[in-house]
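Trainee: Here's the letter readout for the chains.
Protein chains: 2
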Amino acid sequence: MAVVEQLVLEPLAASLDLDAFRKNGHSLVDWIADYLATLEQRPVCEPTEPGDVRAKLPVSAPERPEPFSSVLDDLDRVIVPGLAHWQHPGWFAYFPAMASPASVLGELAAAGLGVQGMLWSSAPAVTELECHVLDWLVDLMGLPQSWKTTSAGGGVLTSGASTSTLTALITARERCRGLTGASVEQMAVYASSHAHSSIEKGARLAGIPRVRHLDVDRDFSVKPEALDMAISQDLEQGLAPAAVISALGTTGTTAVDPVRGIGELAAHHQLWHHVDAAYAGSAMVCEEFRHHLDGVELADSYTFNPHKWLATSIDCSVLWVADRKPLNDVMGIEPPYLRNDASDSGQVIDYRNWDISLGRPFRALKLWFVLRTLGAEGLRSLIRLHTQWASDLSERIDNHPRLRRIAPTPFALVSFIHTDGDASTRALAAAINDSNRFFATVSEIEGHPYIRISIGSTWTMRHHVDSLWELIQESTGAMEEASERENPWER
Amino acid sequence: MAVVEQLVLEPLAASLDLDAFRKNGHSLVDWIADYLATLEQRPVCEPTEPGDVRAKLPVSAPERPEPFSSVLDDLDRVIVPGLAHWQHPGWFAYFPAMASPASVLGELAAAGLGVQGMLWSSAPAVTELECHVLDWLVDLMGLPQSWKTTSAGGGVLTSGASTSTLTALITARERCRGLTGASVEQMAVYASSHAHSSIEKGARLAGIPRVRHLDVDRDFSVKPEALDMAISQDLEQGLAPAAVISALGTTGTTAVDPVRGIGELAAHHQLWHHVDAAYAGSAMVCEEFRHHLDGVELADSYTFNPHKWLATSIDCSVLWVADRKPLNDVMGIEPPYLRNDASDSGQVIDYRNWDISLGRPFRALKLWFVLRTLGAEGLRSLIRLHTQWASDLSERIDNHPRLRRIAPTPFALVSFIHTDGDASTRALAAAINDSNRFFATVSEIEGHPYIRISIGSTWTMRHHVDSLWELIQESTGAMEEASERENPWER
Numbered sequence: 005m006a007v008v009e010q011l012v013l014e015p016l017a018a019s020l021d022l023d024a025f026r027k028n029g030h031s032l033v034d035w036i037a038d039y040l041a042t043l044e045q046r047p048v049c050e051p052t053e054p055g056d057v058r059a060k061l062p063v064s065a066p067e068r069p070e071p072f073s074s075v076l077d078d079l080d081r082v083i084v085p086g087l088a089h090w091q092h093p094g095w096f097a098y099f100p101a102m103a104s105p106a107s108v109l110g111e112l113a114a115a116g117l118g119v120q121g122m123l124w125s126s127a128p129a130v131t132e133l134e135c136h137v138l139d140w141l142v143d144l145m146g147l148p149q150s151w152k153t154t155s156a157g158g159g160v161l162t163s164g165a166s167t168s169t170l171t172a173l174i175t176a177r178e179r180c181r182g183l184t185g186a187s188v189e190q191m192a193v194y195a196s197s198h199a200h201s202s203i204e205k206g207a208r209l210a211g212i213p214r215v216r217h218l219d220v221d222r223d224f225s226v227k228p229e230a231l232d233m234a235i236s237q238d239l240e241q242g243l244a245p246a247a248v249i250s251a252l253g254t255t256g257t258t259a260v261d262p263v264r265g266i267g268e269l270a271a272h273h274q275l276w277h278h279v280d281a282a283y284a285g286s287a288m289v290c291e292e293f294r295h296h297l298d299g300v301e302l303a304d305s306y307t308f309n310p311h312k313w314l315a316t317s318i319d320c321s322v323l324w325v326a327d328r329k330p331l332n333d334v335m336g337i338e339p340p341y342l343r344n345d346a347s348d349s350g351q352v353i354d355y356r357n358w359d360i361s362l363g364r365p366f367r368a369l370k371l372w373f374v375l376r377t378l379g380a381e382g383l384r385s386l387i388r389l390h391t392q393w394a395s396d397l398s399e400r401i402d403n404h405p406r407l408r409r410i411a412p413t414p415f416a417l418v419s420f421i422h423t424d425g426d427a428s429t430r431a432l433a434a435a436i437n438d439s440n441r442f443f444a445t446v447s448e449i450e451g452h453p454y455i456r457i458s459i460g461s462t463w464t465m466r467h468h469v470d471s472l473w474e475l476i477q478e479s480t481g482a483m484e485e486a487s488e489r490e491n492p493w494e495r
Numbered sequence: 005m006a007v008v009e010q011l012v013l014e015p016l017a018a019s020l021d022l023d024a025f026r027k028n029g030h031s032l033v034d035w036i037a038d039y040l041a042t043l044e045q046r047p048v049c050e051p052t053e054p055g056d057v058r059a060k061l062p063v064s065a066p067e068r069p070e071p072f073s074s075v076l077d078d079l080d081r082v083i084v085p086g087l088a089h090w091q092h093p094g095w096f097a098y099f100p101a102m103a104s105p106a107s108v109l110g111e112l113a114a115a116g117l118g119v120q121g122m123l124w125s126s127a128p129a130v131t132e133l134e135c136h137v138l139d140w141l142v143d144l145m146g147l148p149q150s151w152k153t154t155s156a157g158g159g160v161l162t163s164g165a166s167t168s169t170l171t172a173l174i175t176a177r178e179r180c181r182g183l184t185g186a187s188v189e190q191m192a193v194y195a196s197s198h199a200h201s202s203i204e205k206g207a208r209l210a211g212i213p214r215v216r217h218l219d220v221d222r223d224f225s226v227k228p229e230a231l232d233m234a235i236s237q238d239l240e241q242g243l244a245p246a247a248v249i250s251a252l253g254t255t256g257t258t259a260v261d262p263v264r265g266i267g268e269l270a271a272h273h274q275l276w277h278h279v280d281a282a283y284a285g286s287a288m289v290c291e292e293f294r295h296h297l298d299g300v301e302l303a304d305s306y307t308f309n310p311h312k313w314l315a316t317s318i319d320c321s322v323l324w325v326a327d328r329k330p331l332n333d334v335m336g337i338e339p340p341y342l343r344n345d346a347s348d349s350g351q352v353i354d355y356r357n358w359d360i361s362l363g364r365p366f367r368a369l370k371l372w373f374v375l376r377t378l379g380a381e382g383l384r385s386l387i388r389l390h391t392q393w394a395s396d397l398s399e400r401i402d403n404h405p406r407l408r409r410i411a412p413t414p415f416a417l418v419s420f421i422h423t424d425g426d427a428s429t430r431a432l433a434a435a436i437n438d439s440n441r442f443f444a445t446v447s448e449i450e451g452h453p454y455i456r457i458s459i460g461s462t463w464t465m466r467h468h469v470d471s472l473w474e475l476i477q478e479s480t481g482a483m484e485e486a487s488e489r490e491n492p493w494e495r
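The listed protein sequences correspond, in order, to chains A and B. Heads up: the first sequence begins at 5 in this note's numbering, then just goes up one per residue. Heads up: the second sequence begins at 5 in this note's numbering, then just goes up one per residue.
Bound-form chain A, shown alone:
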């Protein structure tokens, strides 16, 4: 039998050998360092047609083990030429997926430990570090003390803001059911007409059939009176307002909704108030951005993604709740194979009662690596540099006769148009993206395109933003008197 097992295990020997792991691991670390160091020499988005990547892969999985070196070779041959490089210093698209060396190593450590934190007892350090690091962030970001796990609320790490928001909406739905006796078919959710698609999707997944898109002011910030009116209309029709979402930094233009005004209306009408700070939440490490948090102590839940702008690899989203009981009531379920003394004692947090997922990777580890090796000071520096560069770019745009910002720049996203109209805006965007040196997003408001420059890659330096500006200037045409022609953004 032992001989047979030896024969069976033999093909696996190389892949399970820890000395080979050391060697391969060192090679891969060096490969990643080389990748990051040379990224700037590559196009931000590799030219790729649908099917290009698959065409380089064999039709079937390999029957026999292949050496690690051939996998490493294929990273260069197959994967890298098929990517848009989110860590490229010329990446200005979407919101960033801001990774850092510390975070990459944190991810490696978590994978190496291979533990999971569904229960406190299933790996106590996973749960306790998650609690601890999220409590650290409450202080570091000036958030309400009641959100600490040592208080009535607490934080949990999820896979993304879509999941965090869905979790909040499901909890809101059950609270509404309990308070009003309404069926889910009667419920309504309220959010800015500029709210992220995850709100619409979250409501749909939660089964809530209507999202009221609220009017915004000229800065794309919700008017509280629009919320008040929408709630009243729905109540008159016998519907059940369940939740309202404030955007603290919309995806379109990083507009900030009036958190206090919305919170007061939510409290008055007993709606769940969820704050979506997915991107801009990271800025709260700096005191000068915290005026946007005014009224946040009225919120029931709040989400932000360290994987967007806090130097932490995807995926990593924080969901805080002011009171964990309604969340635990919805998410908690205890089959006999998960019962244990620690849970029965009531002295521990079991994150399975906070999260949609049961099995949970050790996400807190990378956040801990980031907080420790960059320090609060380092994180503030990154946020301040990015916002400073965005502010400088905004000023340049404001001083340019053919360009116009369409929204304020409260953080590090600059939203602007060419004043000659949609075609010129599109042409300018194409010039940026066809350069292969930079990648920006073109979005639309009311059918009209605008350009989003989102500054937040770990490797972006001032000179990259300067070079982008040079390209924008060149592509916009020679300096002239401001065009006086009518444009659709005039309000």
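Rather than coming from a laboratory, the hints here were simulated on the basis of the structure. Among these hints, one or two may not hold up.
The list makes no distinction among identical chains, and a pair is therefore deemed to hold if it is satisfied within one copy or across any two copies.
[To be verified] Keeping only pairs whose Cα atoms sit at most 20 Å apart, straight-line, the calculated EDC-like set for lysine to aspartate or glutamate is:
#1 K60 <-> D143
#2 K27 <-> E70
#3 K329 <-> D348
Here the structure of chain A is known, so what remains is to put chain B in place on it, guided by the hints.
Mentor: Quick look at chain B alone, frame taken from chain A:
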């Protein structure tokens, strides 16, 4: 300005330096190799009391950057002593979270690239590798060809089976609404009384107010007639049967429900049929287990977790659908900032239309690393060794006069009791777990405890299972004639 920025960046220099990343990365790889190599010398579950880990951490996040070496030291000082070691060769608890060196490196590569695959265009290789590897698995596991992304169906990687099942149930809910016009309040879901808690929780999160727990036979496998009767009763009451879940390997005892029988009833009554093969699905790389798949071509969706038993680090779950349209209809939403030519062409898969999450890490990379460096042959070897050892352990238990299996052992989970009764079973479990060399789960059926030995750690070898058996024998008492006293498991 440049001088000021230099001052601001200075504290960050060490943490963003790529030469430091190389050095720290090599150290961490070596640390992981040492951790795995010496795991056996540690208790499987470190003795930890609530609060022990947090007590070792400072009250606030560090203000200044700390050197990486101090973080590495704290892995030993704070984290490792607060873990249950899921990769320990004596880990027989829950189901495994089976990692492998290849998978750890795949996770590192994904973090290093720092890309995300919400859209094909947001990183084409992320989407195409995910499609390709999941199509490989369809062939490798003998699953229906229609589940390939090149056909009408397709697979998507999610964070876990709870998420995969929730995704299926939400899709089922919307299909039921479309077919019957029923409200969610009228809907019902059906599953084995031994189904995983994620079914109950998934239905609750989807807003479906009732789960019918179906009777099982003596092997804990659903009786199709129980499903037929439950559906009929609900229809008579004007309710709307929405979905049924077959367990292909329950968590309690790895019982297999009759997939074909359930599938035929589901088809007849137009219920969504979801197959939960979270653990046992990995075994399908071996042909000898595929008789359990009989009828799977009738399923609407199917989930299994490579992070359980296919040598892949947590998190990694596969959700396959036979037809992607209903899934895409529910999950799809297109805000203007995500619009792009590739999506408009209809030639690409955008996984944001398949998944609850929008931002999606590059999970396919680790699965690809595993498939390539272990090969199909290597994966089959692991499954065959684990199931062989489980079969041998079952035989030993069957031949022991004081022990009794309470369920068949179709895979690598052995479920058994002490025939002297509940107290003796609990005492035996305590002897196993107090040894610190092994960790098993005690679960319950109808209030009576039993012991689950789940074999599936990458580092478990036959001699570990032999040592476990020696301990079981010693703890069970001297060999005697079988106790004749009545016991609650007699059926």
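Trainee: Cα distance capped at 20 Å. Does K329 pair with D348 within a copy, between copies, both, or neither?
Mentor: Within one copy only: 16 Å inside, 44 Å across.
Trainee: Between copies, within a copy, both or neither: which fits K60 and D143 at Cα up to 20 Å?
Mentor: Close across copies (18 Å), not inside one copy (49 Å); limit 20 Å.
Trainee: Under a CA distance limit of 20 Å, which applies to K27 and E70: within one copy, between copies, both, or neither?
Mentor: within (16 Å within a copy, 27 Å between copies)
When the structure is compared with the earlier hints, no violation turns up for any of them.
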